[in-house]
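One letter stands for each residue in the lines below.
There are 2 protein chains.
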Amino acid sequence: MSEDRKEAKGTSLSRRQMLAGAGAIATGMAISRFGGVLTGDAFAKGGPTEKWPWPYVKLDPAKTAEICYNEWYRVFCGCAVINSVFSQLREKIGEPYKSFPVDAFVFLEGGQVGWGTICGSPAGANIVANLIIGPRIAGSPVGHHIASDIMQWYSEAALPVYHPKKPRIKDRIITTTSNSPLCHISVGKWMKASGHPLKSAQRKDRCARVAASTAYRLVELLNAWKEGDYESTSDFSCSKEHGITGQFNCMECHGDNVPEPPTGKS
Amino acid sequence: MSEDRKEAKGTSLSRRQMLAGAGAIATGMAISRFGGVLTGDAFAKGGPTEKWPWPYVKLDPAKTAEICYNEWYRVFCGCAVINSVFSQLREKIGEPYKSFPVDAFVFLEGGQVGWGTICGSPAGANIVANLIIGPRIAGSPVGHHIASDIMQWYSEAALPVYHPKKPRIKDRIITTTSNSPLCHISVGKWMKASGHPLKSAQRKDRCARVAASTAYRLVELLNAWKEGDYESTSDFSCSKEHGITGQFNCMECHGDNVPEPPTGKS
Chain A
8 MSEDRKEAKG TSLSRRQMLA GAGAIATGMA ISRFGGVLTG DAFAKGGPTE
58 KWPWPYVKLD PAKTAEICYN EWYRVFCGCA VINSVFSQLR EKIGEPYKSF
108 PVDAFVFLEG GQVGWGTICG SPAGANIVAN LIIGPRIAGS PVGHHIASDI
158 MQWYSEAALP VYHPKKPRIK DRIITTTSNS PLCHISVGKW MKASGHPLKS
208 AQRKDRCARV AASTAYRLVE LLNAWKEGDY ESTSDFSCSK EHGITGQFNC
258 MECHGDNVPE PPTGKS
Chain B
8 MSEDRKEAKG TSLSRRQMLA GAGAIATGMA ISRFGGVLTG DAFAKGGPTE
58 KWPWPYVKLD PAKTAEICYN EWYRVFCGCA VINSVFSQLR EKIGEPYKSF
108 PVDAFVFLEG GQVGWGTICG SPAGANIVAN LIIGPRIAGS PVGHHIASDI
158 MQWYSEAALP VYHPKKPRIK DRIITTTSNS PLCHISVGKW MKASGHPLKS
208 AQRKDRCARV AASTAYRLVE LLNAWKEGDY ESTSDFSCSK EHGITGQFNC
258 MECHGDNVPE PPTGKS
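Protein chains in written order, with the working numbering: chain A, 8 to 273; chain B, 8 to 273.
Worth flagging that the hints you see were computed from the coordinates, not collected in a lab.
Check before you lean on any hint, since a few could be wrong.
Which copy is meant is left open, so a pair is good if it fits within one copy or across any two.
What the hints assert, rightly or not - Below, a list of computed lysine-lysine pairs in the BS3-like style, where the Cα atoms sit at most 27 Å apart: (1) Lys247 to Lys206; (2) Lys99 to Lys65; (3) Lys206 to Lys272; (4) Lys199 to Lys272; (5) Lys272 to Lys247; (6) Lys58 to Lys99; (7) Lys58 to Lys105; (8) Lys196 to Lys177; (9) Lys272 to Lys172; (10) Lys173 to Lys272; (11) Lys172 to Lys206; (12) Lys65 to Lys173; (13) Lys206 to Lys196; (14) Lys196 to Lys272; (15) Lys177 to Lys70; (16) Lys196 to Lys173; (17) Lys177 to Lys272; (18) Lys247 to Lys70; (19) Lys58 to Lys199; (20) Lys199 to Lys247; (21) Lys233 to Lys99.
Turn these sequences into a full structure, and let the hints guide you.
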């Protein structure tokens with residue numbers, strides 16, 4: 008854990024405070040994460056699938072991960088994570104999962120069409136959690152919190168965690184900790200540690216396993232929510248702690264020269 | 008334009024080469040952006056909305072931007088971009104737009120629940136382009152290319168471009184060029200240049216205008232595609248040029264010490 012990560016933990020909002028803030032949503036107001044307040048009458052009417060939560064049944068994390076691993080070779084990271092969950096819910100529940108156009112999300116690959124921004128695996132997991140549970144403005148902050156849990160878990164885990172039942176690559180796939188949800192950082196650290204290039208079969212299998220690991224973790228969190236015993240594991244809010252959106256490890260990019268953002272109200 | 012951006016341009020694939028590669032898709036094969044090849048029989052059957060392209064009628068970019076600007080104050084950047092297009096298509100066309108759960112995408116705010124990764128505006132635009140035109144594995148690379156166009160345009164434009172008809176903030180909103188599609192970088196450079204903090208009304212209005220500017224550009228590209236005269240404006244592929252997913256401005260984070268990723272096939 009980096010030094011500024013440790014500092015961040017010390018000043019973060021407690022889970023109780025977060026839930027207290029979230030409680031206001033149920034009374035017809037939504038608190039903007041960055042300080043604004045939205046009134047109920049500004050909400051749109053919404054389409055037929057904009058009623059949350061969507062029906063959900065508990066899934067087997069290991070089975071989901073195995074589907075995801077194989078789907079990666081068809082649709083890559085983000086879409087594989089979405090489809091590993093939704094293909095099962097299409098079968099077990101039907102709508103609205105059947106009508107959600109999962110395959111459109113192939114573009115999440117490579118941190119969005121190769122630009123190295125958010126890794127498709129957490130991007131896909133965030134979509135799944137917020138589609139099933141709904142956005143925080145619709146009455147529950149849990150989808151929002153699961154997204155934050157996934158980002159922090161992804162950043163701190165030695166990935167890939169999941170070992171497929173029928174791996175396409177028999178070589179040992181080494182693990183690395185990205186300290187970031189960004190594709191460029193995550194895949195870059197792994198390539199440096201492993202010596203395998205982007206086009207290698209080993210790198211591809213590593214990313215398929217990272218997607219599978221993320222799908223596994225996502226289903227654990229969704230199952231806990233379904234059981235009523237979900238607790239957010241994320242304790243980080245960059246905007247509250249540092250006055251800007253961002254990650255926890257400022258110094259990894261900024262070095263000792265971390266800028267101080269403007270503070271106050273205007 | 009940064010020095011390595013200029014260098015990148017010199018070695019990029021021509022549009023003709025990209026389209027030649029894309030042509031293979033129509034013959035039943037999809038070329039992985041990062042080197043693999045997928046065979047047609049590996050494709051899933053797909054749900055009822057996984058038939059592309061979705062019906063589209065040309066929209067007015069300025070009207071879309073104005074809707075987006077106002078929607079920002081309800082659902083924030085990514086969701087506002089999606090809904091600025093889809094609310095009009097729900098009315099003009101109906102399905103499958105009515106059944107797409109737009110409001111689930113509030114979580115794109117702040118670079119995904121405040122983590123500062125990809126700005127919600129390009130993230131939302133990428134979703135729209137790929138939902139309407141479809142993923143590259145379904146027969147057309149144009150959604151993929153529009154996403155890349157949007158990322159590059161967003162990075163190079165002095166944002167916000169769009170001036171709303173009824174601005175909530177009367178102050179002049181200064182413009183900044185992010186050289187990145189990341190929220191943290193984009194909003195950080197603007198905050199530094201303007202002196203306004205994250206919680207300020209000025210920062211919020213700036214982000215609402217950035218979303219509106221992105222919606223405007225997105226509709227220009229979709230209209231060109233609909234008219235049959237779309238040409239990709241993006242000329243950048245980090246994986247082809249630098250052997251890793253990423254942006255064009257390596258030195259902005261790495262300084263003079265840009266790492267060389269492993270090369271070759273394994």
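Comparing the hints with the structure gives:
| no. | hint | in the structure |
| --- | --- | --- |
| 1 | Lys247 to Lys206 | between (40 Å within a copy, 10 Å between copies) |
| 2 | Lys99 to Lys65 | within (10 Å within a copy, 38 Å between copies) |
| 3 | Lys206 to Lys272 | between (48 Å within a copy, 6 Å between copies) |
| 4 | Lys199 to Lys272 | between (43 Å within a copy, 15 Å between copies) |
| 5 | Lys272 to Lys247 | within (13 Å within a copy, 44 Å between copies) |
| 6 | Lys58 to Lys99 | both (19 Å within a copy, 22 Å between copies) |
| 7 | Lys58 to Lys105 | both (16 Å within a copy, 13 Å between copies) |
| 8 | Lys196 to Lys177 | within (21 Å within a copy, 46 Å between copies) |
| 9 | Lys272 to Lys172 | between (54 Å within a copy, 25 Å between copies) |
| 10 | Lys173 to Lys272 | between (55 Å within a copy, 22 Å between copies) |
| 11 | Lys172 to Lys206 | within (23 Å within a copy, 48 Å between copies) |
| 12 | Lys65 to Lys173 | within (24 Å within a copy, 47 Å between copies) |
| 13 | Lys206 to Lys196 | within (15 Å within a copy, 34 Å between copies) |
| 14 | Lys196 to Lys272 | between (38 Å within a copy, 18 Å between copies) |
| 15 | Lys177 to Lys70 | within (20 Å within a copy, 55 Å between copies) |
| 16 | Lys196 to Lys173 | within (26 Å within a copy, 47 Å between copies) |
| 17 | Lys177 to Lys272 | between (56 Å within a copy, 16 Å between copies) |
| 18 | Lys247 to Lys70 | neither (38 Å within a copy, 35 Å between copies) |
| 19 | Lys58 to Lys199 | neither (45 Å within a copy, 40 Å between copies) |
| 20 | Lys199 to Lys247 | between (33 Å within a copy, 18 Å between copies) |
| 21 | Lys233 to Lys99 | within (15 Å within a copy, 38 Å between copies) |
Hints 18, 19, counting from the list given before, are not met by this structure.
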